[in-house]
Amino acid sequence: MLTILALLPLVGGLVVWFLKGTMARYVGLAVALVTFVYSVVVAAVHLRGTDLSEHQVWIKAFGAYYALGLDGMGLLMVLLTTLLVPVVLLAEQRSDEEGRWGGQVWTGLVLILESLSLYVFLATDVLLFYIFFEATLIPMYFLIAGWGGPKRARAAVKFLLFSLAGGLVLLFSVIGLGISFANQGAPSYLIEDLVKLNVSPSTQMLLFLGFFVAFAVKAPMVPVHTWLPDAAEQATPATSTLLVGILDKIGTFGMIRFCIGLFPEASRLATPVVVVLALISILYGALAAIGQRNMLRLVAFTSVSHFGFMVLGVFALTTQSISGTIFYMVNHGFSTAVLFLVVGYLARRRGSVEITSLGGVFQVAPVMAGMLLLGGLASLSLPGMGSFVGEFLVLAGTWSRYPVIAAVGTLGTVLAALYILIMYQRTMTGPVTEQTREYVTSDATWRERLALAPVILALLVLGFFPKPVLDITDQTAKQSMTTLNVSDPAPTVGQGR
Amino acid sequence: MTALLVPLVTGDAVAFWICGPLMVAAALAMVLFRKAVYSALALAGVMVNLAIIYASQDAPFLFVVQIIVYTGAVMMLFLFVVMLVGVDSKDSMVERIQGHTVASVLAAVGAFILLAAYVGNSLVSKTTGVGEANAQYGGNVQGLAALLFGKYVLAFEATSALLITAAVGAMVLAYAERLTPRLNQRARAKARIAEYAANGVHPGPRPSSGVYARHNAITSPALLPDGTVSQDSVSSVLITRIGLPDVDALAAPTKKAFAAMEAAQGADEEDV
Amino acid sequence: MTLLEGLTPVAATGLFPLAWLMIAIPLVVAGLLLLLGRVTDGFGHYVATLAPIASFVVAVALFAGLLGRPEAQRAVTVPMYTWIKTGSWTVEANLLIDPLSIVFALLVTGVGGLIHVYSIGYMAHDPGRRRFFAYLNLFIAAMLTLVLSDNYLVLFVGWEGVGLASYLLISFWQHKPTAATAGKKAFVVNRVGDLGMTMAIFTMLAMFGSSSFEAVNAGASKMSPFWVTLLGLLLLVGACGKSAQVPLQSWLLDAMEGPTPVSALIHAATMVTAGVYLVVRSHAVYAETSVAALAVAIVGTVTLLAGAWIGTSKDDIKKVLAGSTMSQIGYMMLAAGIGPTAYAFAIFHLLTHGFFKANMFLGAGSVMHGMADDVNMRHYGGLAKSMQITYWTFLMGYLAIIGTPFFSGFYSKDSIIEAAWEKQPVLGALALIAAGVTAFYMTRLMFMTFWSRKRWQEGVHPHESPAVMWVPLVLLAIPSVIAGMVMNSWIGGWLAPAVGGEVPVGVSWLPRVSVIGLVTLAVVIAGVLVAYLVFGRTSIPESVPYTRNVFTIMGRHDLYGDTFNEVVFMRPGEALTRGIVALDDGVVDGAVQGGASLALGLGGGLRRLQNGYVRSYGLTMVIGVIVVGLALVIGRLV
Amino acid sequence: MNPNYYVVLAAILFTIGIVGFLVRRNALVLFMSVELMLNACNLLLVSFSRVHGNLDGQAASFFVMVVAAAEVVVGLSIIVMIYRARHSANVDNENLLRY
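Protein chains in written order, with numbering that gives the first Met the number 0: chain A, 0 to 496; chain B, 0 to 271; chain C, 0 to 637; chain D, 0 to 98.
Okay, chain A solo, but in the shape it has when bound (with noise of 0.2 Å):
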């Protein structure tokens, strides 16, 4: 049944590569909704208790498997992707003339990328899930190479370098730890087996280092996130959602499952460290926000401040932040999406997402200022947003363990207020400039409208009635925090009721 749902779209992506025109984009997103449709099935089916895993022999000399399998984080990452890319493809639609290779071509790709990805989130071999990791790369680099801005060609090689200097310290890892497993016994790189393993202290610090480097850069923590503003610049709005809401999930994913699920010792002893990068990278990508200049870059660096959030909240170890991380990724890609779909409306009409080029727009698209106002509001973690859940229990989890870093982190909040405001007053409110009279002449259509309408209601429903999401990511939470061996601080006080 999983092997079904991830190769759906890879199938429907090849068969979209030969259509044309607009039977594409309606194969397209005809497979796109199937998919979500039958990942709903399938979350509903694994709800009910079902075990869906699947088990194969697939290179014995390594002890690789081809296992897939579903857990509380998995599930939800799945479903993201299902839901974000049907989503996509409605907002934006590339005629065959813009792009170096047809619209179809790019339809397929994303279908592709959609595919690749679902398989990462379910593998449950740490061999598979490398190779889907890297194999994400490449629809991904001609997502921004072949669509978007007149310097995508480098963007798009910056994003490959980088992800590959990662992806290349995580294959050291990847080895080293199916040697150190197999001088143990057995080779094998199933997950299940691996988190038996038995190594040094100074080992496993080597390993969990490989592992969190890789995933640092694709989550993009500073300082090694440059490569994500100039991907988010160059690409279309809708390949930098694909990349912010699900490919760069796989950083925070694997620090879940990958770094506490097998290096619990390591991860205990790194977190001093990790907690002070999250923190610079809360406090570096949301005054770096402020200062930018371009919508899209300073949407790329509000992620970059948000995935500071995820990061603490993986690394305080806590049961509530670690379910808040979990919850928080679901929704920050949301938020993005809304944000980024937003901006690239705007940058049909206007042809630029420069602020300054753009002015009052809320009197000539309320719609759609709107909708940015939404999206940003779900990025500023509004109460009411399921994103503020989220971030409140990172903070609050990390709270319990560290106040004092938690405090710091806070300030993160007020700082989102400012780039979010100030981005939404320079744009949307003031006097209508003449240029934006000009370009924009009409609000958001109803496909556009349609496209985002169920990410902010799922913004919303998550927001007011998270508890049957919270119950999911809450088993993964607690399941990494058995692992770790490491109890949530009791309260101080009295037991609350």
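Calculated directly from the structure, the hints in this document are not laboratory data. Incorrect hints may have been included.
In the SDA-like style, the derived pairs of lysine to any residue whose C-alpha atoms are separated by at most 25 Å in a straight line are [unchecked claim]:
#	chain 1	residue 1	chain 2	residue 2
1	C	LYS84	A	THR481
2	C	LYS384	C	TRP455
3	C	LYS175	A	THR481
Model the placement of chains B, C and D on the given structure of chain A, informed by the hints.
Here is chains B, C and D on its own, set in the frame of chain A:
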């Protein structure tokens, strides 16, 4: 005497000590000759000697293959190409890359030491001999056949595919595409007339070589009606290489014969 | 101590399970108005006006329900659903109906309803009227969430919700850059306050594993002194942000950029008082920490002085009222900081202030409506005749705020000054002086607006506003007058169980005669007299007169609050931002680019080896083979 | 007879092949050097076949010859092509691989 000699000097030892030095010498010659043709011939020499060593090592099949395939086919192919590409070209022995020769020789020596030490290290001094193995299927050829069509049949089939591919590849590579349309007779005639109109070049075929009573070699020039020699009737290459034969000299014997005949006739008339 | 134990909430019965309707109705209406778009342009504002009225009806019913219960059962928890549950923390989205919250709900829905009605007239010609009403309803819903929640985290949702509504409404006329900036400023300053609020909630979760009022009230006494003081101070920071208390006061004056009904509802009557509500709600915390309580009182006193000061020197009628609002909230904070004896007074003043300040703001709106949206009082004058209803209702508000005996402000403010005098004489004295200043600036306002000669600009023809606008004015003027008398004897006893105060004895509708009361009255009369001498007898110049009076200059510049923020936070912040961007482009990305250049240089060096000669490559290969072979040999030897 | 002699002989031949490959510039001679090296290997194969007393070495040697033949055919045709284009079989000309 023979009984003593047998363990000391066997057939293979003889072959080795004769062919070995020859092979080394030929190989060195191959490297040192400046003309590719000589190199090719030297290499052929190496191969023939090698074939003999095979024979002395109880590998008659390889002996034959070495001669027929290697020396006969491969080396001849080399020679063809050498002829095609320029027999005359000589390698200049002046090295253009700084220190390359020295470095090469040093590297080669290093490789030699390494090879000898490394391969030699794994040697055993006892030789089993392949006689028994040869005998198993009733002969070396049968034994090899059993291997090739049994154990290594897949590899064998693969080599057949390889060979076909190589043949096709060679044809594709060596095929020179025609860049201009082929001229037909009409076009040629036209061109010729045009040339005549422009430069006064004779449009017709060149005169054939001269035919003399006792000479019709291609070097003999034809005579024009006025009795002068036609330069066009002999290939210019031949003219430069051996020069034009003296027409009078060619005609001289006939003239002499005529003169004799006339003299004899005169005598007869006198007799009559 | 019995004082610290609040009521133990009981399960909801009867009408109480319907409490959620109060929040849901305006929320749904707001959502519909925003989603359906132009379809609702024609009737949307009527629907939106009905929503808070419906909520008001529910609130009245619940209030009646509470009245009908024995005192010990006047706290009802209405369970709704579990909002967040992770690890050992559970946050229920429950509603708490107790004396404190229901009073607040009545104020919000009652005043809110009237302001909606007023807005029908005020916004009649605005193209964005539907959006305006949607935001107003959103505000009502958020505010009710704030006051009805039974734990701090859900309270925080409402807290931020009203912040959002405030942002949207301040920058409602967003085509004006000043309005957009003011809205942003309000939101950001509030966010700074929220730092304190969120950290306070973190502390609660870390300490008690819960953020419910019940758990915090129960656990506060067991906290270490350090933590309980910190918690108190953090909550104070939150309250400062929302209630525009020094040092986070600067946004309130700018917030007057919003439409006047907004100023009345959000920036006078309800939202800005949320800080007071928060402090009163957290009475158990402040009972444990005299330091934090004192800090609350000091902040309140400083603000009440600063607000009054600003009020004396502004010419913009709304800014005068805004300064006055700051000042009055300062009184409430002072009361809240004094301790259990004065909690009820804080809420009492909050309610009366809600009535008379909303009344005056709407009156100011009515004046502006008649004066072609001019807000400069120097262009007013003599309006008492041309706008009679507005004048009389405004006069009621005026008499209430300066503390005329038997008017509502008199009861509430005098109680605070008295209580302060008893507990903290210094603060009490300052509050007393501020009462005089209040009288001064309000009288100044009255002179400049209603009483002196006409200074109207060309083409301005003042006229009375339509009935839809003056009816709310009248309805608000009534409680401005009588609320004090009605509630004076009742409010203390009513709130006592919820705020942990003691039931006062011997209070009736008659004002108590005390020394402090008389002194206060004298000071107020002095303030009025001074204002009469300054403004009543001389003509008021139409342009801003030059002055060397340092007090006036500072007041005109909002006591340099913005300048301070700019110099201390904005400039360094901007520099830091620029620095970070430069750092990112230059150093971090520069390192990446530098790495790329290094690789290129290295490649250039290596390229010399790649000379293109096949044989050279061959040599390299052979050498490589030898090296590998040697390595193997050595490896075997070792 | 001691197989070491064959090994040394093969090594000598192989070395000469290397030298030829490295110092000569005529592509044809380069090829011949490669052939020489292949032959040296064949010699080793056959010798070891005899040492171990089975025919697999000879079979391998046979395969080497086949592959060598294929290689020569393709290689020579490439040389012919190059010659046709550049009128030279000198591998040093214009140090081609540089560009």
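Hint check:
1. C/LYS84 - A/THR481: With a Cα-Cα distance of about 18 Å, the restraint between C/LYS84 and A/THR481 holds, given a limit of 25 Å.
2. C/LYS384 - C/TRP455: It holds: about 14 Å lies between the C-alpha atoms, which stays within 25 Å.
3. C/LYS175 - A/THR481: violated, 56 Å
Hint check: a violation occurs at hint 3 only; the rest are consistent with the structure.
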